[in-house]
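The listed protein sequences correspond, in order, to chains C and H.
Position 62 of the first sequence, counting from 1, maps to 62 under the numbering used here, and the rest follow consecutively.
Position 100 of the second sequence, counting from 1, maps to 100 under the numbering used here, and the rest follow consecutively.
Fair warning: there could be bad hints in the mix.
[As the list claims (entries may be wrong)] Derived lysine-lysine pairs resembling DSS-like cross-links, with alpha carbons at most 30 Å apart:
1. C:30 to C:46
2. C:37 to C:23
3. C:68 to C:93
4. C:85 to C:68
5. H:87 to C:23
6. H:83 to C:46
7. H:83 to H:166
8. H:83 to C:37
9. H:87 to H:34
[Said to hold, decoys possible] Label-pair distances were calculated between CB atoms; the ranges are:
10. H:187 to C:29: 52 to 62 Å
11. C:135 to H:101: 36 to 46 Å
12. C:42 to H:418: 52 to 62 Å
13. C:42 to H:71: 15 to 25 Å
14. H:127 to C:22: 46 to 56 Å
15. C:117 to H:246: 24 to 34 Å
16. C:156 to H:44: 55 to 65 Å
17. C:65 to H:81: 34 to 44 Å
18. C:51 to H:335: 47 to 57 Å
19. C:33 to H:392: 26 to 36 Å
20. H:101 to C:81: 44 to 54 Å
21. H:331 to C:148: 47 to 57 Å
22. C:22 to H:87: 32 to 42 Å
23. C:135 to H:246: 21 to 31 Å
[Said to hold, decoys possible] Partial list, derived from the structure: chain C residues whose beta carbon lies under 7 Å from chain H:
24. 20
25. 22
26. 24
27. 25
28. 31
29. 39
30. 40
Derived from the structure by calculation, the hints contain no laboratory data.
These figures come from a predicted structure and were not determined experimentally.
A virtual CB, placed ideally from N, CA and C, is assigned to each residue, including glycine.
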Amino acid sequence: MAINVKVLDRPIRESSYVRSALKGMGRTFKHLVDPHKVTVQYPEVKHALSPRWRGTHRMLTNEEGNAKCVACGLCPTVCPANCIKLVPGEDEKGNRYPLVFEIDEFRCIFCGYCQEVCPEEAIHVGRHYENSEYSREGHVYDLERLMAQTHPVCEMWDPADPKGE
Amino acid sequence: MSHLLTMLALQAQVATTGVPPQGTGVVIISTLLKIVIIFTIYLLSVMALTLAERKISAWIQGRIGPNRAGPWGLLQPIADGVKNIAKEETYPGGANRPMFILAPAIAFTTAMLAWAVIPFAAPWDSAWGRIPMAVAPLPIGFLYILAITSLGVYGIVLAGWASNNKYSLLGGLRSSAQMVSYEISMGMSTIPVLLLAGNVAMDRVIEQQALHGWNILNLTIAGFVFIVASFAETNRVPFDLPEAESELVAGYHSEYSAMKFSMFFIAEYSNMITASALMATLFFGGWDIPFTLWDNVAPHTGIKTVLTGLFFALKVAFFCFSFMWVRWTLPRFRYDQLMSLGWKVLLPMMLAYILIIATAVLIFRNLGLEQVRWVGISAFGLALFAVNIVLSIVVFWFLDRGRVISPASSRLQADALERLRAARYRSTLSAEAGD
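Throw the hints in and build the complete structure from the sequences for me.
Below, the structure is given as structure tokens:
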């Protein structure tokens, strides 16, 4: 079986190296002197994030300042990366609440399923991305830390308004 | 003290009456000074070029480039240097250590050595006699350059071989093949220059250009081939096959780290400066200031030396810029394109060109055009310019039709092409049937 050589059908009579090279150099020179540069000076200047940006998680709280989470267990179930650890607890009035709620941001793939599945709209992915740490352990956010986050949360995609207008 | 003053007065008197011959002491001291000055400027320019390359590449790609180290990133080369010195030196297992260490040094030194004979400014008639502005104004200047620049390949081949790495070895082999091929075109392209100058000394070449116009006008095609060949000799894009990131990791310097890698980097930029200086000297009038003749005639004052030196620096800077400009525009050649360009296009073209130019020079000289000047322009230069315009049109307009750099299909016979197409058609048919 012969190797399938791809032969481009180019009109040889018309192809010129020197002229097209010069044309290309004209183009690059135009870019060279063009004062418009696309670089964003990152730590000083930042891009605006999309309202649908899915980043660092955030746990919303109710009026009493407690987590809205009712420890239903839907988010650890739906999580494809298996990064949510939830131990449910129950107080004397019979209200369920999370004893342990941890999200490993290092494992998380930021799919946003947890926010989508949450019946109480408690857990959210947020419009925030600067969450680097010096250790792997630092990426495990406990309930306190999730509640302490203040960044805006992600607005989910709405089928009725696909372009987010 | 009075003795010294009388000495100075005497020397001043001599200087006004005529240029005295140099004493041995003057030669030694002036040469040492020139070496120190050239070496300093050279290394500083290499530093500046590394930054310039990054800045120019950034601007061409619509970016800003390094701007964190110092104002506008001016301290970036120093930061890079400190980083490279502080880094760990690694040696690959089974490497030939002495050769491995020697190779970067050879690569850098040969690039540097060629500068010895390049005249970088007009000579200076000082109080101590005429001081030529070249470290060693050899009468065989050009032969020396050809000899030294062809040594440069040793650094690369040795690096490739001593690394004990197949990619490095392939890079080294490619570079030797490439350098041997293009050295020939390079040598051929300089023969017309030497024909015109009638000498291999660099200052004669410059003198001739000042008199009859720059060689890029009188010998356009030779100039063009020389530029192409020096791109190949310096291993810069579009001839960077020895490095070929996408094929050979980093080619001959894959295994090098820290300061030894830096030496190759420095060698690349030194080669660029040297090649630029050669282009300026051989084809763009050297230190000659265009449209004037006053810089070429006596008295050779210090101011003239400085001005011509500046003009030479400008020309070299322009060619260094065009090296970068081309690098960030053109893609790399295929290996067969490289070889066929060197052997099947440039070499025969230069042979024919030498024949034509030699004939033209003979005819024009016998017509006595060398002595004729119209409004300050040499008739000899004009006649050669006219010949070259015609030849350039022939070469760039009619020959450059898929022949100079050709697509892969042009190398096939027409019926072979048909057969390939038919085979491809059949194989797609069977693939569809199999589905």
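Do the hints match the structure? See the list:
no., hint, in the structure
1, C:30 to C:46, "holds (27 Å)"
2, C:37 to C:23, "holds (22 Å)"
3, C:68 to C:93, "holds (16 Å)"
4, C:85 to C:68, "holds (16 Å)"
5, H:87 to C:23, "violated (42 Å)"
6, H:83 to C:46, "holds (29 Å)"
7, H:83 to H:166, "holds (28 Å)"
8, H:83 to C:37, "holds (28 Å)"
9, H:87 to H:34, "violated (33 Å)"
10, H:187 to C:29: 52 to 62 Å, "violated (31 Å)"
11, C:135 to H:101: 36 to 46 Å, "holds (40 Å)"
12, C:42 to H:418: 52 to 62 Å, "holds (55 Å)"
13, C:42 to H:71: 15 to 25 Å, "holds (19 Å)"
14, H:127 to C:22: 46 to 56 Å, "holds (50 Å)"
15, C:117 to H:246: 24 to 34 Å, "violated (45 Å)"
16, C:156 to H:44: 55 to 65 Å, "holds (58 Å)"
17, C:65 to H:81: 34 to 44 Å, "violated (56 Å)"
18, C:51 to H:335: 47 to 57 Å, "holds (52 Å)"
19, C:33 to H:392: 26 to 36 Å, "holds (27 Å)"
20, H:101 to C:81: 44 to 54 Å, "holds (49 Å)"
21, H:331 to C:148: 47 to 57 Å, "holds (52 Å)"
22, C:22 to H:87: 32 to 42 Å, "holds (41 Å)"
23, C:135 to H:246: 21 to 31 Å, "violated (37 Å)"
24, 20, "violated (9 Å)"
25, 22, "violated (9 Å)"
26, 24, "holds (5 Å)"
27, 25, "holds (5 Å)"
28, 31, "holds (5 Å)"
29, 39, "holds (4 Å)"
30, 40, "violated (10 Å)"
Checked against the numbered hints listed earlier, the structure breaks hints 5, 9, 10, 15, 17, 23, 24, 25 and 30; every other hint is satisfied.
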